[in-house]
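Asker: Heads up: the protein sequence lines correspond to chains A and B, in order. 209 is the number of the first residue of the first sequence in our numbering; add one for each residue after it. 32 is the number of the first residue of the second sequence in our numbering; add one for each residue after it.
Hints may contain errors.
Have a look at the derived ranges for each label pair, beta carbon to beta carbon [what the hints assert, rightly or not]:
{"hint": "1", "chain 1": "A", "residue 1": "Val456", "chain 2": "B", "residue 2": "Glu87", "range": "54 to 62 Å"}
{"hint": "2", "chain 1": "A", "residue 1": "Ile494", "chain 2": "B", "residue 2": "Leu122", "range": "39 to 47 Å"}
{"hint": "3", "chain 1": "A", "residue 1": "Val565", "chain 2": "B", "residue 2": "Ile260", "range": "52 to 60 Å"}
To be clear, the hints were calculated from the coordinates, so they are not data collected in a lab. Positions of the beta carbon are idealized from the N, C-alpha and C atoms, including for glycine.
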Amino acid sequence: MSRRRVLAISVRLLQQFRRDHRTLALLFGAPLLILSLLGYLLRGGASVPTMGIVNQDSGQLGQVVTTQLQQSKSVSTKLISAGDAEAGIKDGSLAGYVLFPPDFTNRAAQTHAVTPEVHLEGSQPQVSQSVLQALSQSFAGLASQASGAGAVRFEPRVTFQYGGPNLDTLDYFGAAFIGLVVFFLVFVITAVAFLRERGQGTLERLMASPLRRAEIVVGYMLGFTVLAIVQAIEVLAFSLLVLHVHNVGNIGLIFLLEVLMAIAAVNLGIFLSMFARTEFQAVQFIPLVILPQVLLAGIIFPISTEPGALQILSHVLPLTYAVNGMRDIMIKGADLGWSALQLDFAVILGFGILVIVAAAATLRRRIA
Amino acid sequence: MAEMAIDVQSVTKRFGDLTALDSVTLRVPRGEVYGLLGPNGSGKTTLIRALVGLVEPDAGSVTVLGRRLPNLGVLGRVGYMTQQAALYPDLSVEENVRFFAAINGGESRVREALDFVDLWPRRASVVSTLSGGMRTRCSLACALVHGPDLLLLDEPTVGVDPQLRIQLWDRFQRMADEGTSILVSSHVMDEAERCRRLGLIRFGHLLAEGSVAELKEMAHVDRLEDAFIKLSEEKAS
Chain A
209 MSRRRVLAIS VRLLQQFRRD HRTLALLFGA PLLILSLLGY LLRGGASVPT MGIVNQDSGQ
269 LGQVVTTQLQ QSKSVSTKLI SAGDAEAGIK DGSLAGYVLF PPDFTNRAAQ THAVTPEVHL
329 EGSQPQVSQS VLQALSQSFA GLASQASGAG AVRFEPRVTF QYGGPNLDTL DYFGAAFIGL
389 VVFFLVFVIT AVAFLRERGQ GTLERLMASP LRRAEIVVGY MLGFTVLAIV QAIEVLAFSL
449 LVLHVHNVGN IGLIFLLEVL MAIAAVNLGI FLSMFARTEF QAVQFIPLVI LPQVLLAGII
509 FPISTEPGAL QILSHVLPLT YAVNGMRDIM IKGADLGWSA LQLDFAVILG FGILVIVAAA
569 ATLRRRIA
Chain B
32 MAEMAIDVQS VTKRFGDLTA LDSVTLRVPR GEVYGLLGPN GSGKTTLIRA LVGLVEPDAG
92 SVTVLGRRLP NLGVLGRVGY MTQQAALYPD LSVEENVRFF AAINGGESRV REALDFVDLW
152 PRRASVVSTL SGGMRTRCSL ACALVHGPDL LLLDEPTVGV DPQLRIQLWD RFQRMADEGT
212 SILVSSHVMD EAERCRRLGL IRFGHLLAEG SVAELKEMAH VDRLEDAFIK LSEEKAS
């Protein structure tokens, strides 16, 4: 092995990067951006899920537990009526609620068991976990205060509005990932294909033909949508038939949402490829476009637990609505009558239209 | 006056500090084979791109087949062969030609175009497996499949062996005889001699125009090559 020849290769590589400022910026900028985002997400005074407390207890215990819960750091609490609590779970504003029945104190005294009713929204396991944790900590605190009064068992009666104890991690993540996989792959393929058109010179030929810019963009969209639909079918079939990801919703709706996402991804790919000169640069969009969305779309970290400022950002990212929609359909069995799902569909459709118009407007006929 | 296929009036184009075209005026009557002769970087490609609206002049006007650019409609009557054989490498010869036929409106002439460049027997070959010369021919077929009234050829014979070069020029001549106007750029002097008229271009200036004989006479030399050198020196001084 010749040291001179090996070094020639290494030096040449570094020389090439010296002139590619954009790649350098990304190489050293992107990690800081992503790590900052992650740091802020996890340490930036994260918000906690909200749980309701319905205290119907005629004795003292309900009030004591309520006071304990209100001091909890893993949830924020809200004293409300049973009706409002039920509504809060349905509209997603509450992660769950605990109900102390009228005979709560009496029964605890008779049976030496504390048996609150816990109703969980259930579609996001981390959030449900926070609620249960806050509750058990309150009772643990209570038990230590009342030491000597004999062992009191903590036996909450937990019910889930959606999902439940039978759902595993894949059931929760599967719904989100079905959307993500299609979005991600379609985006990358479209962006690279469009740049290949530029690199091999055929775009110049197209631009010297009577083709309108919108015809090129819409043609691309239709072509890739065909591929994306086939991919969506494959992903869906594999998830449901092979992985048995939990689904209580309408398969047609899941598919429709996937197709809308695929179209949005195709259009985003075309649009962003306008800002890259080479396929190499297009690949660089992945950490900038995809990673923040994966972090902030609620796939891994529930949006309700993000710091406030990031929640705002999450709510402008299209993937957030896709993930929401998928979970609403597959875990909650939502249909198009749900206003939340209508919003998800509308946002993704709107985003797709926005980027296709932007792509057609950005595509330059002129070489210079 | 015969109607012009190309009418370029005082076109100037700058890229930053570089003046790629400096007040170029050029007229090509219909049915003529016009050769744009100049060294690399002289402005040939920029001028051809201006003729299909890919380059927007900073000053001056470009009129093609009687239509002032920008004009999308007239592009359907223009055939443009780029310097590199711009083709889809994963498609077959016929699929490439058929695609460009479809976007330019010449679906019925695919066979004719492939016969013209002798590629009909190789129509099923995938472009990425073809030799450079065959790619050039395929690229030409894509440029003329819609039967354009004006054909723009940007250095069509670069990297082409002498035998194929002669064949291609015979074809260009045949098309011109049938009424197609052709503008072809080159830096090869011997093929320039086949053009009815030549424009010598250097540093974005059109130095001189005329038939081969006229240019030699202008420079008082016997060879076109010498004429080119002498005329560009005269212009520079």
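Asker: All hints, please: hold or fail.
Answerer: Consistency of the hints with the structure:
Judged by the Cβ atoms, the range 54 to 62 Å given for A:Val456 and B:Glu87 holds: they are separated by roughly 58 Å. For A:Ile494 and B:Leu122, the Cβ-Cβ distance of about 28 Å falls outside the hinted range of 39 to 47 Å, so the restraint is violated. The given range of 52 to 60 Å is respected by A:Val565 and B:Ile260, whose C-beta atoms sit roughly 53 Å from each other.
Violated hints amount to a single one, hint 2; each of the other numbered hints is respected by the structure.
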